[in-house]
Amino acid sequence: MSSSDTRSDPPAGSVPGQDALGQNLSDQGAAAPARPAARQGELALFAPPAAADEMLTPARMINEWVYCPRLAVLEWGRGEWAGNADTAAGRRAHKATETGAAPALPEPDALPDDRTLKTRRLLLASERLGLTAELDVIEADDGRVVPVDIKTGKRPHVAEGAYLPERVQVCVQALLLREAGYTCEEGALWFADSRERVRVELTDELIATALGAASDLRLTVAAGRLPPPLDHSQKCVRCSLLPICLPDEVNWFRKGAIARTPPPAATPALPLYVQTPGARVTKKDFTLVVQVEGEADRAVALDEVSELVLAGPVSLTTPAVHELLRRDVPVAWMSSGFWYLGSTGGQGPRSATVRTAQYALAADEPRRLAFARELVAAKIRNSRTILRRNWRGEDGERGPLLDRLALLADRTARAETAAALLGLEGEAAALYFRALPKLFTDAVAALPAFAFERRNRRPPADPVNACLSLIYAVLTRTFSSAISVAGLDPWKGVYHAERPGRPALALDLIEPFRPVLADSAVLMALNNGELAPDDFVSAAGGCNLKPKARRALIAAYERRLDQETTHPAFGYQVSMRRLIQIQARLFARFVCGEIPRYPHYVPR
Amino acid sequence: MARRSNAEHAYVVAYDISDPKRWRRVFKTMKGYGRWLQLSVFHCRLDGGRRAEMASALEDLIDRDADHVIILDLGPAEDVEFAVESLGKSFQPIERRAVVI
Ligand code: SF4
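Chains A and B, in that order, are what the protein sequence lines are. Using the numbering used here, read the first sequence as starting at 12 and increasing by one per residue. Using the numbering used here, read the second sequence as starting at 1183 and increasing by one per residue.
Just chain A, with the same shape it has in the complex:
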């Protein structure tokens, strides 16, 4: 069935490079050879029958394999899924066919021979073929059955009446019907938008293509291989896995070609933070309702929440938790001081492939050190960039400082050990933080409360340190979520050692983002006068933000995430928010060995 297809049907007649077979063979690269069935002298060798504990291959996945092998493997082998406008339209078209009762299909020998019978949503499976399919409609007439698959969109104008992936899918349905003992001589496709029916002829060639595709898909998944992305294909534009697959970015490493446009975000949803002590979050209809005593309730549409962040004594009802789990929206649990405690839900793809590769990388000393060198270099370069861009101090001090930081960044390339890297990082951090007050406006610099001498933590001793600590914690959480969604384990680091309660991988990946995202958000809030000295309370040697000030600072950070930036490797414009998601996905690709290095975010 097509209702949960990851992509739309190919746009009618608008896919360039379509040959007479209706397939864009050049797109599929080496991973999808044309089936040799029609040629002489070759024997098609199929995968052995499915073992008992193996999953049967759904007809829908074979359709996807023929469309793009990578799509089928990402979805079926790696448990990745994303929807888009086309998949939503597909569901809508499908629902329209689901009215009324669905009569069951009688046994093959009890088929009425003089009338047409229709049934819906029939599940068929065959261990022998290793295949399964959900059939939209089956018509029975005169002892023969015809599977009819419903598609959104219009009938494409190609010689065969429909594109190969759809014909292959119907063919698998027909084979399963035959396996169940029915006489099935043809299949059909129903195009909902143009209300046209297309007959699918079950030629030997089509059957061989379908069985060959099923076999190739099963063997590829069993071998743990991920086929390469398509190259500049129109298919990717319509593919809902585009934000996950990153075809242009992965190809960039192979060919150096520039990516076209940034992959779209999977959803426009944004985080919802609840940090007012005593607040209560409940679910009502299609919204989350936040109740704070003495304030009007706030309702936020569930669809618009990408992540629920709860800091401190805030409660969440079980029905709300269930709904968030169902929607795969993570709940991040944090202490009042925004110390990341952990998450519920939002576990990312239903597969451990990426995590397994991540552990292997962490165990591989040379690879680990190579990554760490580039990481520390990126962090030092980015602190230098922040100083260079926002300098308000003496001109004479600036040059030598920037030179020194550039030198330290260059030295990372020759660091032999992680300890040596730590030394370089420490020296750069000391220089950078000593210079930080030179980035304050005169108005801020004149306030004794905002004096800043050095970075200190746990507890932060002064307002500027309190702001930095808070934003670093929030940044850690942003990355922890992006990392989990990309299938990685936030607790296992590459540069940072593991320690209980420490999301080491998030701490690794945020290093280059600390100056350009977190520090710049704090600078923005201070220099714009969004925070005043009486927004802070000092107690027991530590300094903290009052709830209202925390709200303002987090809002400034979230605004910073919405700002656009240029990706230094790919050259396109994206929001920082989207950039972080892309970087997490790229890191997963790097970990799996699909791309040779992780391109750190180092803006100019």
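To be clear, the hints were calculated from the coordinates, so they are not data collected in a lab. Mixed in with the good hints there might be a few duds.
Unchecked claim - Lysine-lysine pairs mimicking DSSO-like chemistry, simulated, CA-CA at most 30 Å apart:
hint	chain 1	residue 1	chain 2	residue 2
1	B	K1203	A	K559
2	B	K1203	B	K1213
3	B	K1210	B	K1271
4	A	K165	B	K1203
5	B	K1213	A	K294
6	A	K129	A	K294
7	A	K165	A	K129
8	B	K1271	A	K295
9	A	K295	B	K1213
10	A	K129	A	K295
11	B	K1210	A	K294
12	B	K1210	A	K295
13	B	K1203	A	K294
14	B	K1271	B	K1203
15	B	K1271	A	K165
16	A	K559	A	K449
17	A	K449	A	K557
Add chain B with the ligand to chain A, keeping to what the hints say.
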């Protein structure tokens, strides 16, 4: 140019529902998609996927013979200045911002 499926558009959704029970259900459903503007009018900001989901959810609720829903597309939410004249209360386009409570 073809509409990027993930780009958000702004919409006005207005409905006439003849049965109070169904009206209530439509009202509740619409709260999941937009901001309540007036009695049977919502203002929404949706990408292509949510736009299709909303239409599908409404289709399930209404009686096709007795009720009527219209979905007016005001154009891309990010790049277009809506020419809206609002008398009395003010009209605010929906901005996509993280909510911090
Ligand atoms: S984005 Fe392109 S390469 Fe990636 S899965 Fe989709 S169609 Fe295949």
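Here's how the hints hold up against the structure:
no.: 1; hint: K1203(B) with K559(A); in the structure: violated (41 Å)
no.: 2; hint: K1203(B) with K1213(B); in the structure: holds (16 Å)
no.: 3; hint: K1210(B) with K1271(B); in the structure: holds (23 Å)
no.: 4; hint: K165(A) with K1203(B); in the structure: violated (37 Å)
no.: 5; hint: K1213(B) with K294(A); in the structure: holds (12 Å)
no.: 6; hint: K129(A) with K294(A); in the structure: violated (41 Å)
no.: 7; hint: K165(A) with K129(A); in the structure: holds (23 Å)
no.: 8; hint: K1271(B) with K295(A); in the structure: holds (27 Å)
no.: 9; hint: K295(A) with K1213(B); in the structure: holds (10 Å)
no.: 10; hint: K129(A) with K295(A); in the structure: violated (40 Å)
no.: 11; hint: K1210(B) with K294(A); in the structure: holds (12 Å)
no.: 12; hint: K1210(B) with K295(A); in the structure: holds (9 Å)
no.: 13; hint: K1203(B) with K294(A); in the structure: holds (21 Å)
no.: 14; hint: K1271(B) with K1203(B); in the structure: holds (29 Å)
no.: 15; hint: K1271(B) with K165(A); in the structure: violated (45 Å)
no.: 16; hint: K559(A) with K449(A); in the structure: holds (27 Å)
no.: 17; hint: K449(A) with K557(A); in the structure: holds (26 Å)
Going down the numbered hints, you'll see the structure goes against 1, 4, 6, 10 and 15, while the others check out.
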